[in-house]
Structures are given as C-alpha cells and as structure tokens.
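**Q** Take a look at the letters that make up each chain.
Number of protein chains: 2
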Amino acid sequence: MEVQVLSRPFLKMTIFKKSLIYKIAGFFISLETKEILKRITETLEEIFNAERVSIFRKKEDRNYLEFYTFSRGEDELKKIKIELSKGIVGWVYKNNRPLIVNDVSKSKMFYKGVDELTGFKTNSILAFPLGLKKRRYGVVEIINKKDGKFKRKDLKICELISPFVAIALENAALFEKIEEMFFGMIRSFAKAVEAKDPYTSGHVERVENLSYLLAKKVGLKGNELKNAKIAGILHDIGKIGIPDEILKKPKKLTKEEYEIIKKHVLYAKEILEPISEMKDIIPAIYYHHERYDGKGYPEGKKGEEIPLLARIISIVDAFDAMASDRPYRKALSAKKNTKRVFKK
Amino acid sequence: MEVQVLSRPFLKMTIFKKSLIYKIAGFFISLETKEILKRITETLEEIFNAERVSIFRKKEDRNYLEFYTFSRGEDELKKIKIELSKGIVGWVYKNNRPLIVNDVSKSKMFYKGVDELTGFKTNSILAFPLGLKKRRYGVVEIINKKDGKFKRKDLKICELISPFVAIALENAALFEKIEEMFFGMIRSFAKAVEAKDPYTSGHVERVENLSYLLAKKVGLKGNELKNAKIAGILHDIGKIGIPDEILKKPKKLTKEEYEIIKKHVLYAKEILEPISEMKDIIPAIYYHHERYDGKGYPEGKKGEEIPLLARIISIVDAFDAMASDRPYRKALSAKKNTKRVFKK
Numbered sequence: 001m002e003v004q005v006l007s008r009p010f011l012k013m014t015i016f017k018k019s020l021i022y023k024i025a026g027f028f029i030s031l032e033t034k035e036i037l038k039r040i041t042e043t044l045e046e047i048f049n050a051e052r053v054s055i056f057r058k059k060e061d062r063n064y065l066e067f068y069t070f071s072r073g074e075d076e077l078k079k080i081k082i083e084l085s086k087g088i089v090g091w092v093y094k095n096n097r098p099l100i101v102n103d104v105s106k107s108k109m110f111y112k113g114v115d116e117l118t119g120f121k122t123n124s125i126l127a128f129p130l131g132l133k134k135r136r137y138g139v140v141e142i143i144n145k146k147d148g149k150f151k152r153k154d155l156k157i158c159e160l161i162s163p164f165v166a167i168a169l170e171n172a173a174l175f176e177k178i179e180e181m182f183f184g185m186i187r188s189f190a191k192a193v194e195a196k197d198p199y200t201s202g203h204v205e206r207v208e209n210l211s212y213l214l215a216k217k218v219g220l221k222g223n224e225l226k227n228a229k230i231a232g233i234l235h236d237i238g239k240i241g242i243p244d245e246i247l248k249k250p251k252k253l254t255k256e257e258y259e260i261i262k263k264h265v266l267y268a269k270e271i272l273e274p275i276s277e278m279k280d281i282i283p284a285i286y287y288h289h290e291r292y293d294g295k296g297y298p299e300g301k302k303g304e305e306i307p308l309l310a311r312i313i314s315i316v317d318a319f320d321a322m323a324s325d326r327p328y329r330k331a332l333s334a335k336k337n338t339k340r341v342f343k344k
Numbered sequence: 001m002e003v004q005v006l007s008r009p010f011l012k013m014t015i016f017k018k019s020l021i022y023k024i025a026g027f028f029i030s031l032e033t034k035e036i037l038k039r040i041t042e043t044l045e046e047i048f049n050a051e052r053v054s055i056f057r058k059k060e061d062r063n064y065l066e067f068y069t070f071s072r073g074e075d076e077l078k079k080i081k082i083e084l085s086k087g088i089v090g091w092v093y094k095n096n097r098p099l100i101v102n103d104v105s106k107s108k109m110f111y112k113g114v115d116e117l118t119g120f121k122t123n124s125i126l127a128f129p130l131g132l133k134k135r136r137y138g139v140v141e142i143i144n145k146k147d148g149k150f151k152r153k154d155l156k157i158c159e160l161i162s163p164f165v166a167i168a169l170e171n172a173a174l175f176e177k178i179e180e181m182f183f184g185m186i187r188s189f190a191k192a193v194e195a196k197d198p199y200t201s202g203h204v205e206r207v208e209n210l211s212y213l214l215a216k217k218v219g220l221k222g223n224e225l226k227n228a229k230i231a232g233i234l235h236d237i238g239k240i241g242i243p244d245e246i247l248k249k250p251k252k253l254t255k256e257e258y259e260i261i262k263k264h265v266l267y268a269k270e271i272l273e274p275i276s277e278m279k280d281i282i283p284a285i286y287y288h289h290e291r292y293d294g295k296g297y298p299e300g301k302k303g304e305e306i307p308l309l310a311r312i313i314s315i316v317d318a319f320d321a322m323a324s325d326r327p328y329r330k331a332l333s334a335k336k337n338t339k340r341v342f343k344k
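Residue numbers (UniProt numbering), protein chains in the order written: chain A, 1 to 344; chain B, 1 to 344.
Keep in mind the hints are simulated off the structure, nothing from the lab. A couple of the hints might just be wrong.
As the list claims (entries may be wrong) - Okay, derived cross-link-like pairs now, DSSO-like style, lysine-lysine, Cα gap no bigger than 27 Å in a straight line: (1) B/K106 / B/K38; (2) A/K153 / B/K145; (3) A/K106 / A/K38; (4) B/K196 / A/K252; (5) B/K59 / B/K106; (6) B/K249 / A/K191.
Isolated chain A, as found in the complex:
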C-alpha cells in the first residue's frame, strides 16, 4: 500500500517523553519574560517535585546575576541582584557545570544571603548552567526536593531543558527590547508635539499613567491594558497638524480657531490609519472628546456608543486638564476636580 493514513490523530509516545516535550514547548508560548519565568519555574517544580525554582540571569553588559523567583500562589516576581562570585550559583556559573548539594548546611559554598532576603529556608539544591553553545546566560536552581535526594540522573533532564530555558528567556528579552523601543518612540514623539503646546507640560506622561490605572481598575487586562497606555500616550498626537499660532495663542480662541483645534482627533486618525496594528487604538483617540451626554465631538456619540477606551482617555484627559493651571485660572483642587469630571 503506498498511502498510509494513521488511524488515530497522531501517535503514541511514552507518556513521560510526550509530557516533557509538551512542557518544554510551553516555555515558548509567550514572549513576555514574566509569563515565561512563571511557566519555567512551575514546570521545573513539577518535574523535579521541588519546593521552589529560582532563575539567575546574567545580562550581557552587567557583572552580576539577576535573581528571579515566584512565590507559590503569588503573581509577583521578585528581582534581586547577586554578585557573580557568590554561593553555589556563582560556582555553577563560573565553572559552567551542574552541581548537586543535598544538604546545604554541610556546604561551605552555600550563600545564605538570598534566604535571608526572601525568608525562604533552603535545604537541598540542584543547580545547572543556562547556556547554548558558548554563551552562558545564567543559572537555574531547583530547591528542596520533596521526596529524597537529587540524583545524577536528574541532570539528564536538566541538560535537555537548559538550552530551551536559555533561548526562551533570550527571545523574551529581544521582544521586550523592541517593545520598549516602540513605547520609547511614541513617548518621545508625543512629548515633542506636547512641547509645541505651552499649557500641557507633563500632560502626556500623566495621561499615560492614569489611563493605565483606570483601565486596570475597570478590569481590562493584557493587550487591552497595553492599548490603554498607547492611546494615553498618543491621544493628542494629532496636534502636530494644528498651526503653531493657534496652538500657542495665549488668549481665548475664536470659534473658527476652536474648529481647527477640534481637527486634532481627525489628524491623529490620519496619522495612525496606515498602521494596521493600530486599528484598536484609533477609536480610543478619535473619540476621546466625545461626551457621555452627546455634546462632544467629532460625531456627537452618546453614552456607551463611545468606545470604552475613549471614555477612559476622556475622563483622564479632563481630570488632568482641570488639575493643571491655565493662564486664565488656577488648577482645581482634587476634590472639586473629581466632582466636575464625574458631573460632566
């Protein structure tokens, strides 16, 4: 027979192998460092039946290791700096070899500093270097085996896993670098536009932070939270299209001038529209001058017709404007301000 169709969806491998390989695949399911560290530490705790896993990373231009750990049940990432020369971790990093210490109280190498900082009690350690080819990225420590001692055969699994941990963390670092570059860029541009408007010093930064906090408060998560930040940063970017003499006019604007100012939401839309990845951000910016009572611009949308992110930016934007001085009035107090924003 020349055609072979497998009767079951894929085939059977030994359960251990299959589950291990799927677990490793899970390291790559995200490009966010925090998410990856969480997955790796949890996976290794499970595989080795250990109480805790800590990951020590050495960044390229630093001469110390950065220490990451997750406490069970907590979502918080602890970050501590460790000197390269210290403790079992330092030895493993320096010698690029794994090490098992089944009773740390009998080991002179053991450095108590981390336990003192974290309040955790270390008994036994399996530590292995993270690397790929000639590059060394750091060290993984598997701590307190629950059932007996770490054994040499455990190191086989470590060897298998080590390059994957290293690459997963490196990729996340690369991803975060370009994401940081993106955020840095839009912040800088927003500030450059802000610099043209003499009344708004620091406004962009405040709107970014407050939009993020308010979005979190109303339950947004992950990408939506990121979008709230991006929209907060870029909400006034369209002012780049408003002539300087109107933007910088120290007196009250005429009706015609105000109509021109209103166009900044349209200009923002035009600037962002060619970027397909901005499609969820544009409505948040385009509609951030709509009002819940329908008296806003550009379309006079009402209530929940206005996209949620636009409502968030709108509240934060108004709040910050009222909390700032203007040539024709002083800033409102926080209390008065809050009242007025929520009356609006």
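Given the coordinates of chain A, assemble chain B onto it according to the supplied hints.
**A** Coordinates of chain B only, in the frame set by chain A:
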C-alpha cells in the same frame, strides 16, 4: 557525600537524542521568519534524509495556506498561495492527521499545481499537521526520501517536532508584527512632520528606500541595514521643533532663520536620546548635515570622522533634494544631480 560535582561539563546522552534536541533548539535561535524557515527546512531535510521540505502556514484571518520553500543553495524564499481544500496538504490540514504517500503518482489526492509552479518533481511525501493543543497553524511536507520509503516510525519524530515548529513560527510572526508596528509608527510620524514642510512631499519615503539600498551596496547587513532604514525615515524628525513660519516660508531664509533650521539635528537628538535602543541611530541623524570637506554642521566634522550611516543619509538626502523641484529652481537631471552630489 552530600556534594556531587559532575566531572565532565555536563553529561552524556545518546548522540541521537542530544543532536535532535539541539537541532530543535536551533528553531528558536532567531525571531526572523525567514531565518527560522530556513533552519527548520534544512534541519528536517537532514533528519529525514529528504530532498526538500515545504512549510504551509494558515494565517488566522485567511482561508488559504501560504506555502514556503527554500531551494537548496539559494537564499530566496518562495511564497505561494494554496487553496485549503487542495491536495495532500489540504487533507492533512483538514483532518489534523499525518499522512505518508510513498508514490504520489498512484495517489488521487496529490495536487500537481505546486510542482508545476516550482519545477520540482515530487515522488514521495510525509506530511504532518502543525499545531499545539487545539490550534492548527499549517502543514509540513517532507518530500522525496532519498533512501527508501517514509515509515510510520518517522512520524514519532514529526510528533516531537510539530509543536516546536508551530511555536517558533508563531513567535516570529508576533515579533514581526511589533517590528512592523514600530516601523509603521515612525513612518507615520515622519510623514506628519514632512507635511509641515511644503517642499518635501515623498522625501521621507525616498530617503528610507535609497538609504537602505546604498547601505546594502556598501556591504552593511542585518541590524545595520535596519538602522539605515530607521535613520533614513527619521533624519528630519527634528523639524517638529522648527516654527511653522520658518519651515513654510516661501522666500529665501535670512541668516538667523537658517541658524534656526540647522537646529533640527539637535532637536532630533533630543527626541531620540531617551530611547536607549536608539543609540546607534542618533549619530546617523545628528551628523547627516556634516560634509566630507568639513564645511557642514553641527560640528564641522570631516571625512571619516563622520559616522558611516550619517554619510549614507547625507548623500541620499542631497541626491533627493536636487532631484526635486524647488520654488526657485527646477529639479536637476539625474546625471547632473549625481555629478553634483559626488563633487560635494
């Protein structure tokens, strides 16, 4: 003994296992789709002793498969669209099961279209679905086993490899998406700034493209090529700090006004400086008005003191300016223009 030090740097595993796992790790060593596809196809050709490997991907919002293949010894990626329902690939995708066809001439399922397009002669195929949990990303085809037939045991390796291929390609797609977003953003901002300067329509786009081409011509690669593009896009971004009335002045500028225009390289530096990832881009922009003879600005640097990327932008910028009409003169011919740029 409570402390166990392994005498050799890490331990031995069977050579096959070790090399396979290292080969899989290689899929993740880059976040560039093209590089990853090349690695995956080459690795699978080697593992299965096959003549060719093709990867078919289904993007989320498309109802066809995109086909990628590398011809041996060529660096070119071929991209072809295939209907979801067609051929062995379509069957494997639809049924989410692997399939071995050791003589395609005897199979009614086989779709000749791809061979006709690529000029390649297919004899035998092992095809398996790319997926992870419930998501299906596409299909991998391993073509023309050089020594005999594909066997069921080959599918064990496919199963092991499948999730890694899927994740590696997904991560690259995610990375490219944010990279595209970054480029889209800086292009849009550059165009918004350009829109304030009535003499420069399309200038940014041309400088981006020409800078890239010239950088390639002088032998730059990878990140340096990307930097040439970024610097090309952003070279005039500092004009956001120049008052409209100077930028838009239809007559010749006074000496004082020209001094203000010159500040655009300083403003660009100030805008980009807070972004640490921009450190290689800033000199290219800051010095793009220096001249080889030392008569440029802002520092009067000479010859090779001027960073290479800045020299590239400078030539391209001058070339494009001379090739464009100005209110006070027509564009120069390509020949005259080239002469004048290289005399400069």
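**Q** It remains to establish, for every hint, whether it holds in the given structure.
**A** Here is what the structure says about each hint:
1. With a CA separation close to 30 Å, the supplied pair B/K106 and B/K38 exceeds the 27 Å bound.
2. Proposed proximity of A/K153 and B/K145 is contradicted: the alpha carbons are some 36 Å apart, above 27 Å.
3. Of the supplied pair hints, the one linking A/K106 and A/K38 is violated, its CA atoms being roughly 30 Å apart against a limit of 27 Å.
4. Of the pairs offered as hints, the one joining B/K196 and A/K252 holds, with about 25 Å between alpha carbons and a cut-off of 27 Å not exceeded.
5. Simply put, B/K59 and B/K106 have alpha-carbon atoms about 31 Å apart, too far for the 27 Å limit, and the pair is violated.
6. Distance check on the hinted pair: B/K249 and A/K191 sit about 25 Å apart at the alpha-carbon level, within 27 Å; holds.
Consistency note: the structure conflicts with the earlier hints numbered 1, 2, 3, 5.
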